[in-house]
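Novice: Sequence lines, in order, name chains A and B.
Once you know that position 491 of the first sequence is 847 in the working numbering, the rest is easy, because the numbers rise by one and skip nothing.
Once you know that position 492 of the second sequence is 848 in the working numbering, the rest is easy, because the numbers rise by one and skip nothing.
Hints in this document: simulated from the structure, not taken from any laboratory.
Fair warning: this is a prediction, and the values are worked out from it, not measured in the lab.
Treat each hint with caution, since some may be false.
The list makes no distinction among identical chains, and a pair is therefore deemed to hold if it is satisfied within one copy or across any two copies.
Said to hold, decoys possible - As a list, the in silico PhoX-like pairs of lysine-lysine whose alpha-carbon atoms are at most 25 Å apart:
| # | residue 1 | residue 2 |
| --- | --- | --- |
| 1 | Lys-704 | Lys-565 |
| 2 | Lys-704 | Lys-724 |
| 3 | Lys-908 | Lys-472 |
| 4 | Lys-492 | Lys-749 |
| 5 | Lys-429 | Lys-715 |
| 6 | Lys-896 | Lys-824 |
| 7 | Lys-715 | Lys-763 |
| 8 | Lys-776 | Lys-589 |
| 9 | Lys-715 | Lys-565 |
| 10 | Lys-908 | Lys-470 |
| 11 | Lys-612 | Lys-875 |
| 12 | Lys-429 | Lys-492 |
| 13 | Lys-589 | Lys-614 |
| 14 | Lys-565 | Lys-724 |
| 15 | Lys-776 | Lys-749 |
| 16 | Lys-704 | Lys-824 |
| 17 | Lys-715 | Lys-785 |
| 18 | Lys-763 | Lys-704 |
| 19 | Lys-894 | Lys-740 |
| 20 | Lys-908 | Lys-824 |
| 21 | Lys-749 | Lys-763 |
| 22 | Lys-749 | Lys-715 |
| 23 | Lys-724 | Lys-574 |
| 24 | Lys-715 | Lys-740 |
| 25 | Lys-776 | Lys-715 |
| 26 | Lys-740 | Lys-724 |
| 27 | Lys-492 | Lys-425 |
| 28 | Lys-429 | Lys-368 |
So you can see what is in the structure, the chains are spelled out below.
There are 2 protein chains.
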Amino acid sequence: NKRGKRTATPQKKTPVRIIPLGGLHEIGKNMTVIECGNDMFIVDCGLAFPDEEMLGVDLVIPDFSYVEKNKEKLRGIVLTHGHEDHIGGLPFLLKSVNAPVYSSRLTLGLVEGKLKEHGLLGKVQLNVVQPRDTIKLGCMAVEFIHVNHSIPDALAVAIHTPAGIIVMTGDFKIDSTPIEGDIIDLARFGELGNRGVLALLMDSTNAAKPGMTMSERKVGESFSNLFQRAQDKRIIIASFASNIHRIQQIVDYAVKYKRKVAVSGRSMINVVAKATELGYLKIPEGILVEIEGINRYRPDQLVIITTGSQGEPMSALTRMAMSDHRKVTVNPNDFIIISASPIPGNEKLVNRVINELLKLGAEVIYEKMYEVHVSGHACQEELKMILGLVKPKFFIPAHGEYLHLKKNADLAVAMGVDRKNILITEIGKVIELDGVDMKVIGTVPAGRVMVDGLGVGDVGSIVLRDRKHLAEDGLIIVVTAIDGQTGEIVAGPDVVSRGFVYVREAEDMMAQTRKIAKKAVETCMANNTHEWGNIKNKIKDDVGDYLWQVTKRTPMILPVIQEI
Amino acid sequence: NKRGKRTATPQKKTPVRIIPLGGLHEIGKNMTVIECGNDMFIVDCGLAFPDEEMLGVDLVIPDFSYVEKNKEKLRGIVLTHGHEDHIGGLPFLLKSVNAPVYSSRLTLGLVEGKLKEHGLLGKVQLNVVQPRDTIKLGCMAVEFIHVNHSIPDALAVAIHTPAGIIVMTGDFKIDSTPIEGDIIDLARFGELGNRGVLALLMDSTNAAKPGMTMSERKVGESFSNLFQRAQDKRIIIASFASNIHRIQQIVDYAVKYKRKVAVSGRSMINVVAKATELGYLKIPEGILVEIEGINRYRPDQLVIITTGSQGEPMSALTRMAMSDHRKVTVNPNDFIIISASPIPGNEKLVNRVINELLKLGAEVIYEKMYEVHVSGHACQEELKMILGLVKPKFFIPAHGEYLHLKKNADLAVAMGVDRKNILITEIGKVIELDGVDMKVIGTVPAGRVMVDGLGVGDVGSIVLRDRKHLAEDGLIIVVTAIDGQTGEIVAGPDVVSRGFVYVREAEDMMAQTRKIAKKAVETCMANNTHEWGNIKNKIKDDVGDYLWQVTKRTPMILPVIQEI
Ligand SMILES: [Zn+2]
Ligand SMILES: [Zn+2]
Ligand SMILES: [Zn+2]
Ligand SMILES: [Zn+2]
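Isolated chain A (complex conformation) (with noise of 0.2 Å):
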C-alpha cells in the first residue's frame, strides 16, 4: 500500500514564486519576477505605449518598486527578444538596480543601444547566451530555447527550480520556414514535456484565431509579384523596424530585381545598421545608398524601406504622405506597400496615410488588399502543440486582454490541462508553486508608472484629470488683487480664458464673467467672508454656473487671489 501510493502523494518541494509584472490584462510592458528562497530574478521589463486618456504622456513602464526593494536578491535580468514591450522598460529599472542581463546577441546589441541613450553603457553588464545554453542563477538555472517570432534571435526560457519545471515562451510563433536559423526547438519543448513540466506561461496574443500563423516566407511570396507589378515605378515599403527577417527579403528581392535599396526613418536607420553590424542582416555590396542620393536613379532602380506602416504622425512614411519628407517626394510613379496590419486603435491613422499617398497618385497596397504581413504569434493549432509537447500540471496563460488570457485557458482545457490547474491573474499577484499546489499567496505593488519627458512617475492620476479637463473645456483664469487690510479689491478681477472660446468673439460673455467675479468677491466681503479658500469656491461656483448656463460647457475656474 504504501509503496503504491508513493507517486499518488507528492511531496511538497522547496517553493517557488511567479510574480507578473506586467502583461497581463494589456498587451505591453511584460515583465515576470521568478523567485526561490533567497534568490531572484527577472524575465523581460517591457515598455507600453499609452493609451487616449494618458494624454501627454510618451511611454508607459511597470511599476517595479517591489525589485527595488528587493534588489539585493535579484540575480540576473534575463531578456527572451528585443521588442520594445520586453527590453524597453530596462534602462529605468537599470537606474536603480544593477544585475547582469542575459540574452541573445541581437537582443544585447539593441540593449546596448538603449543603455547607451540613459547615459547606462558600460555600467551594466551584458551576457549573450546561445539556444540550449543554462546559467545558474542563485538556487535555479535558466535555459534558453530558440523559437521563431517577428524579431530574429528570440528565446523561450525554461526554468529549473527546485519545486519542479517552470517553461515561459515569451512571444512566439511556429514557423518551419524561417528565413534564417531554425524552425522553432519543438524537440526541447517535447524533451522537458517528457521529464515533467510543473508550469507553462504562454504567449496568448493570437490565442482567439484558429489555426496557424502563415510563415514569414509567404511575404515573400507576395512581395515577389509585387516587385513585378510595380514594372518601373519606384517601390516604397513601410515595415516595423524590428522585423529583420522582412527587410532581409525586401533586400534579397531588391538584388534579384537590380534594384538599389535606401532606408528612411531614424528607427529603421539605426535597427538596419545595427542588424547589418552585427551579421543579422546580410546586404551584399553596392546595395544600400545614402535617401540624400536617390534622385541619382530611376524609379524603377530603388526600394526605399521606410517607418510608419502605423500612420505614426512624425514617422517617415506619414511625412511622405503629408509631402513634408525632406528627401521623398511622392508621385504616380511610385508602388508603395504598407508590410504590417494597423494595431487597435491605429486604424484611422494608417487610413489617412493611404488617403494622403493615393491622392499624390501613388499606387498603394495594403494589408486587406494582399498578404504583405504576418503575425509574429502563434494562433490556436500551435498554443495547441506547444501545449501537447509540454504537457504541463499547471498553465498560466501570459501576455493578452482578458480575451486572449480566457481563450488561452480554454485551449489547455481542451487540451488535457486540469481547468483547476488554470490561473488567469493579474499583476502584482504573487504565485507560489511548491510542485504540488499553484496559489495566489499575496500581492506586492504593481501597476503603471507614466514617462513625460524626463518625468517617471511624476504624472499620475490627478495630473491626468487636470489634462482631460483642461482638454475638453478649456480654462477660465480669474486673476484678482485684494488690499489685505480693508479687504477691497485693488485690481481685477482679469478674466483669461485659454482653449475655451475664441475670446475676440465672446466679448460680452467675458464681460459678464467679470463682473458676476466681482460681484462674488464682493458679496464675500459684505459677507465678512476673508478666507480666500471660501472666496475661491465662490467665485467658482458662480462663474462655472454663468458659464454652463450659456455654454452648456465646464471650463475649468481658476480663481488667484493676491493679497497686496
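Starting from the known structure of chain A, arrange chain B with the ligands on it as the hints suggest.
Specialist: Relative to chain A, chain B with the ligands alone:
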C-alpha cells in the same frame, strides 16, 4: 451631313450645379446642394463625429453658410434616410433657413424627434413621400426610389433637371431577401438608365470590398443558432438603435424561443418607441417588458436589447460591463451578442467592453467569431450592378474617404464609364453640368463647423490648438501684481499649475519657477522695460527654458500681470 451629326454634337442645355458640402474625403456629414437657375434644394444634412484631435467637441456639422446666403432660392430639403450622417445637421440648418422637408415616413419620424429637442417642432413643414413619388422643386423634379439599407425607408433620388437626369443613390445595398418590404427598385434604376442618365452620384463606403454585402437575413440565421446555444442563459444583444430590421429579427426570435424583450439605452428606447408607433417595428402584445421588471423573469425568459455596440463610454452595454448599470447586473448566466462591427477608431473601446464582460463570467459573441452583423452598404458587385443599370454619362463617387472614392471611380471605368467623365471632387466645389460637359466652375465656403455644448462654430483652430497644448503638458500660471508708478512687485509672482506635475512632489521646482519669474520681472524693471507684453514674454521664455531643462516638457505658460 447636318442631319447625321445631330446626335454627335448635342446641344448644351440650362446648366445644373451640384455642390457637395459634406461627405467627400470623410465618412459623415453628408450634404449636397443642387442648383438650377434660380432654384436650389438640398439632399441630406448630416453630422459627423469628432476626430480625436477635436478635443471636447461634441459633434461636427457642415459649413452651410452658402445655403444661408442663398436661402431665398431654397425650395426644399430632401432626405434620403434617417441616419445621423444624413439628418443630424438638419436642426442646426433649420435655425437659420426654412424650407419644406421631404422624405419617407420613418425618416421624418426621426427628424421630428430632433426638431422637438431643438424647439423647432411645428415650425417646419414635413412632407411624407413614397417611393416612385415625384415632387417639383422649382425648375427641377425629384423622384424617390426605394433602396435597401441598414435602416428602413431609405431612398435614392432621381433629379430631373433641364440638363438631364441626375441619380443620387444615397446609402444603399442590394438585399434580395430584406426583412420587410421589397428589394431595391432595380427596375426603376434600369428604366432611368434606358432613358439616359446624365450623372450618377453613388455611395463609395464599401467600394474597396469585393463581392456582395450579405442579406440582413443572414444575421437572423446566426441569431437562430445563438438563441439555441444560449439555452437557459439570459440573452443580451447590443446593436445600432436605427437598425430596426435587426431589432425586428431579435423580437421575432424572442417570440419563437418564448422570451420577453426588454430595452436598454436612451436611443434604443426612443427608436423602438418611434418605430413601433409608426408601424415599422411589430412587437406582439405582451412581449415587451420594462427593464425595471426583468427580475420577475428567469434568465431563459429574457432578451435585453441594448445600445453600446461601439463600446461608447456612456452607453448601456458599457455600463453593464463596468458593473455600473442600475438595472442589469451581468453574470455567468448571461449570453451577450455584440451585433455590429467596430467603426475604425472604436476597436479599443469595443475590446475593453468585451474584456470586462468576459471577466464578469458572461459568454460574449462578437463579429470576428460569428456572422452577427452585415453592412448596410453595397460592395463592388452591387456597385457594378447599379453602374450597369444606370449607365451614366458622368460619374461622381460620393460618401467616402479618398481610398473609397478612388476605388468607386475605378469600378466605373471597369463598367465602361469614360475616365475623363469621372470626377473625384471635394466639398465646396461647384460642379456644373450642361448636358454636354461636366466642369468645376468655382468654389463656395465649405468645411467643418464644430459644435461644443451650445456653441456652434465658436470652437475653432486656435481653441483646439490650446486644448491640445493643455492636454499634452498642462499649464503654469504666473501671477504678479506690480505698482504701476514705481514698477515694483507688490505681490507674487505666484505660480499655479494644473496638469503639469503632481505639485506636492515638485515643491522645489515650483519654488525655483517662482524665483525665475521674479528675476525676469526685476530684470525688465532694471532695463526700464515697462511694456507688460514684453515682461510677459520674458517670463514665458525664462520659465519655459527652465522647465524644459528640468522636465523636457513644454507646459503652456500664462503670465498675468496686474497693475495696482
Ligand atoms: Zn515580441
Ligand atoms: Zn511581446
Ligand atoms: Zn446610412
Ligand atoms: Zn451614410
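Novice: All the hints need checking, so say for each whether the structure fits it.
Specialist: Outcome of the hint check:
When the C-alpha separation of Lys-704 and Lys-565 is checked against a cutoff of 25 Å, the pair qualifies both within a copy, at 23 Å, and between copies, at 17 Å. For the homomeric pair Lys-704 and Lys-724, the shortest alpha-carbon distances inside one copy (14 Å) and between copies (19 Å) are both at most 25 Å. For a Cα distance limit of 25 Å, the shortest separation of Lys-908 from Lys-472 across copies, 18 Å, qualifies, whereas the shortest one inside one copy, 51 Å, does not. Proximity of Lys-492 and Lys-749 under a CA criterion of 25 Å is satisfied intra-copy only: 24 Å inside one chain copy versus 78 Å between copies.
Taking CA atoms no more than 25 Å apart as the test, Lys-429 paired with Lys-715 passes in neither setting, with 59 Å inside one copy and 35 Å between copies. Proximity of Lys-896 to Lys-824 under the C-alpha cut-off of 25 Å is found in both arrangements, the shortest distances being 18 Å within a copy and 23 Å between copies. In this assembly of identical chains, the alpha carbons of Lys-715 and Lys-763 lie at most 25 Å apart only when taken from different copies (12 Å versus 42 Å within one copy). Taking the closest pair of Cα atoms, Lys-776 and Lys-589 come within 25 Å of each other only across two copies (24 Å); inside a single copy the shortest separation is 59 Å, beyond that limit.
For a Cα distance limit of 25 Å, the shortest separation of Lys-715 from Lys-565 across copies, 19 Å, qualifies, whereas the shortest one inside one copy, 35 Å, does not. For the identical chains of this complex, Lys-908 and Lys-470 are inter-copy neighbours only, at 18 Å across copies versus 48 Å inside a copy, given an alpha-carbon limit of 25 Å. In this assembly of identical chains, Lys-612 and Lys-875 lie within 25 Å of each other by CA distance neither inside one copy nor across copies; the values are 80 Å within and 66 Å between. Proximity of Lys-429 to Lys-492 under the C-alpha cut-off of 25 Å is restricted to the intra-copy arrangement: shortest distance 14 Å within a copy versus 86 Å between copies.
Taking the shortest alpha-carbon separations for Lys-589 and Lys-614, only the intra-copy value of 13 Å comes in at or below 25 Å, while the best inter-copy value is 63 Å. In this assembly of identical chains, the alpha carbons of Lys-565 and Lys-724 lie at most 25 Å apart whether taken from the same copy (17 Å) or from different copies (9 Å). Proximity of Lys-776 to Lys-749 under the C-alpha cut-off of 25 Å is restricted to the intra-copy arrangement: shortest distance 10 Å within a copy versus 69 Å between copies. Proximity of Lys-704 to Lys-824 under the C-alpha cut-off of 25 Å is found in both arrangements, the shortest distances being 22 Å within a copy and 19 Å between copies.
When the C-alpha separation of Lys-715 and Lys-785 is checked against a cutoff of 25 Å, the pair qualifies only between copies, where the shortest distance is 17 Å, while the shortest distance within a copy is 51 Å. For the homomeric pair Lys-763 and Lys-704, the shortest alpha-carbon distance between copies (18 Å) is at most 25 Å, but the shortest distance inside one copy (28 Å) is not. When the C-alpha separation of Lys-894 and Lys-740 is checked against a cutoff of 25 Å, the pair qualifies neither within a copy, at 65 Å, nor between copies, at 66 Å. Taking the shortest alpha-carbon separations for Lys-908 and Lys-824, both the intra-copy value of 17 Å and the inter-copy value of 20 Å come in at or below 25 Å.
In this homomeric assembly, Lys-749 and Lys-763 come within 25 Å of each other (Cα to Cα) only inside a single copy, at 18 Å, whereas the closest approach across copies is 54 Å. Within a single copy, Lys-749 and Lys-715 get their C-alpha atoms only as close as 57 Å, which misses the 25 Å cut-off; across copies the closest is 24 Å, which meets it. In the homo-oligomer, the alpha carbons of Lys-724 and Lys-574 lie at most 25 Å apart both inside one protomer (15 Å) and across protomers (23 Å), since each shortest distance falls under that limit. Taking the shortest Cα distances, Lys-715 and Lys-740 sit within 25 Å of each other only across copies (23 Å), while inside one copy they are farther apart (45 Å).
Within a single copy, Lys-776 and Lys-715 get their C-alpha atoms only as close as 56 Å, which misses the 25 Å cut-off; across copies the closest is 17 Å, which meets it. In this homomeric assembly, Lys-740 and Lys-724 come within 25 Å of each other (Cα to Cα) only across copies, at 21 Å, whereas the closest approach inside a single copy is 27 Å. Taking CA atoms no more than 25 Å apart as the test, Lys-492 paired with Lys-425 passes inside one copy only; the shortest distance there is 22 Å, against 81 Å between copies. When the C-alpha separation of Lys-429 and Lys-368 is checked against a cutoff of 25 Å, the pair qualifies only within one copy, where the shortest distance is 23 Å, while the shortest distance between copies is 89 Å.
Consistency note: the structure conflicts with the earlier hints numbered 5, 11 and 19.
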